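Chemist: Given next are the chains, with one letter for each unit.
2 protein chains.
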Amino acid sequence: MKIVVDAMGGDYAPESVVAGIVEALKEFDVFITLVGIQEQILAELKKYNYPKDRVEIIHAPTTIAMNEPATVSIRGKKDSSISVGVNLLKEQGYDAFVSAGNTGAVVAASTIFLGMLRGIERPAIGLVIPTLQKFAFLIDVGANTEPKPEHLFQSALMAQVYAKEVLGVINPKVGLLNIGEEAGKGSGFYKETYKMMEERVGDFTGNVEANGLFKGENDCIICDGVMGNVVIKISQGLMEGAASLLRREIKKSPVAMFGALLMKSRLNHIKKLADYSEYGGAPLLGVNGIVMISHGRSNPKAIKNAIKATIREIEHNILDVMAEKVAQASR
Amino acid sequence: MKIVVDAMGGDYAPESVVAGIVEALKEFDVFITLVGIQEQILAELKKYNYPKDRVEIIHAPTTIAMNEPATVSIRGKKDSSISVGVNLLKEQGYDAFVSAGNTGAVVAASTIFLGMLRGIERPAIGLVIPTLQKFAFLIDVGANTEPKPEHLFQSALMAQVYAKEVLGVINPKVGLLNIGEEAGKGSGFYKETYKMMEERVGDFTGNVEANGLFKGENDCIICDGVMGNVVIKISQGLMEGAASLLRREIKKSPVAMFGALLMKSRLNHIKKLADYSEYGGAPLLGVNGIVMISHGRSNPKAIKNAIKATIREIEHNILDVMAEKVAQASR
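If you read the protein sequences in the order shown, they are chains A and B.
All the letters of the first sequence, read from the start, carry residue numbers 0 to 330 under numbering that gives the first Met the number 0.
All the letters of the second sequence, read from the start, carry residue numbers 0 to 330 under numbering that gives the first Met the number 0.
Just chain A, with the same shape it has in the complex:
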């Protein structure tokens, strides 16, 4: 099993990426191909003891910055770590690509160079989010901002495969994120999507309202890319806002500060539950290759967990399973 990793991707690359793959090499029986600026990668690798027979470096002289316009940089920088990395997947023996780099660039490179998986029309990014009960798989969190109903339908099928094969959910329940719970809610787009899912997606539970998302009653939540992106960013902004509000209020009172100290271990437990780095990366589904996008702020643990999820995708042959599921649903 050979996983290509973008050594230059993310805010803390290449340090965090290299540290993460070293951890992954300890835990998993995997071969890692690091793509990026060779000297920088070697300088980082030198810090560690690692199995040299399970690491190779492929030099890519340029990098794509986190805020560069995606399609422009993909077409312009054919020798960037993202372009080179994604292109390796077309060669024999390379199984997956992991990057904490520019999300738009990874989506564009994957779509252009790998093409779409048979039966799928558009890519979608999934994300495992914590809920009160268990985890939920939210898709799409930003790849497709102008989807048609059939794109959401296809994402629902891919999500069920991912939830089953990678997250280990037996019969993943699917909900459609909408403005109300009743079947007739929302715009024409939502009504049509609802109908398509009701008729052709097994274990479809209907609409989910945003305030019910974190109750965890569904295993997969389907939405368009703009909506999904807003959901995760609102959640992030709100939790950060609430945390800084809490700190501000606590500092106003020594008694409250002492109280917070006593609560520390429980608060840390909540922090861990809400920590993205525990859940691996965000799989880019729908393209003809296994691609995992790790958070831009990825620390070594996040990189390691992204690789862990990627390994499950490879082991469970997820591309064929998804293509087969879509083919069945379309018959």
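Each hint should be verified, as a subset may be incorrect.
If you want a taste of the chain B side facing chain A, the calculated C-beta under 10 angstroms gives, among others [claimed, not checked]: (1) K214; (2) E248; (3) R265.
Output of the computed footprint for chain B on chain A, the stretches with three or more beta carbons under 8 angstroms from beta carbons of chain B [stated by the list, open to error]: (4) 85-99; (5) 202-212; (6) 215-229; (7) 247-254.
In case anyone wonders, no lab produced these hints; they're calculated from the structure.
Values in this document were obtained by computation on a predicted structure and should not be read as measured data.
Note that the Cβ used here is the ideal one computed from N, Cα and C, for glycine as well.
Mind docking chain B on chain A? Use the hints.
Modeler: Chain B alone, transformed into the frame defined by chain A:
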């Protein structure tokens, strides 16, 4: 000044509504017209001492339930408290309508019976949300689920008028909720909306990402109705989820429970900041009449604060100011 109040609207009607108007009568020099089932209203009013010369009751025999399909019930129940209440606004001497009832029904009744304000094509619901710095006015939170760019442009102008006249902001800054901060982000719809706002909305600051919403850098945040609805419901769901997670974790440790006790007054302060009932209702803007939608779970304080905001709308002659602003921007 005569404000029509839907006595039957909301989960705790008519108790909460009547209690709320009694509080409002104490604080504000206003005349209240209660619309609803007369016996029930009288039974509630009997509990209080209130200025009888500033209250009238107009009987409306039917009510629209919170989950009834909106347009059906408006066309079917012409004698419901919402239909009767909205229709009163067309008569001389009635200045505004306040309801904590079925939002969709209030939007439908207002649009059908009052028509649109001159220059405005679609209604939009605004909502004051707390942020880390101050308040922000988020619009639309659910009236228009399939807007065109010009609808968002018109909402931006209405929001600026509301922020200035009702919330007292001198030069309200406007941001567009989008998937990224750069000007070229998002679908064609967003690009077109951005361009229109950039050219024709004063104090337009550009795109706002969802994770920046609660930083409070803008006074008005413009979005489509589906997005705004998801934003407020995600926020609600997440805060409730975080609170119940916190309770669950604290209960696991007596030390943490004691810590929480010490933090109580600061936690209550945060709770108050996040309490919707402090901020009045959600104005329905764009229709040819002053309509205020109060939260379905409105307690008396929420009703009173909704009436307070409504009074400011009337005093500042907000309909004419909005129409004039839209006319100027269209010249």
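Chemist: In ascending order, which of the hints set out earlier in this document are inconsistent with the structure?
Modeler: Violated: hint 4 alone.
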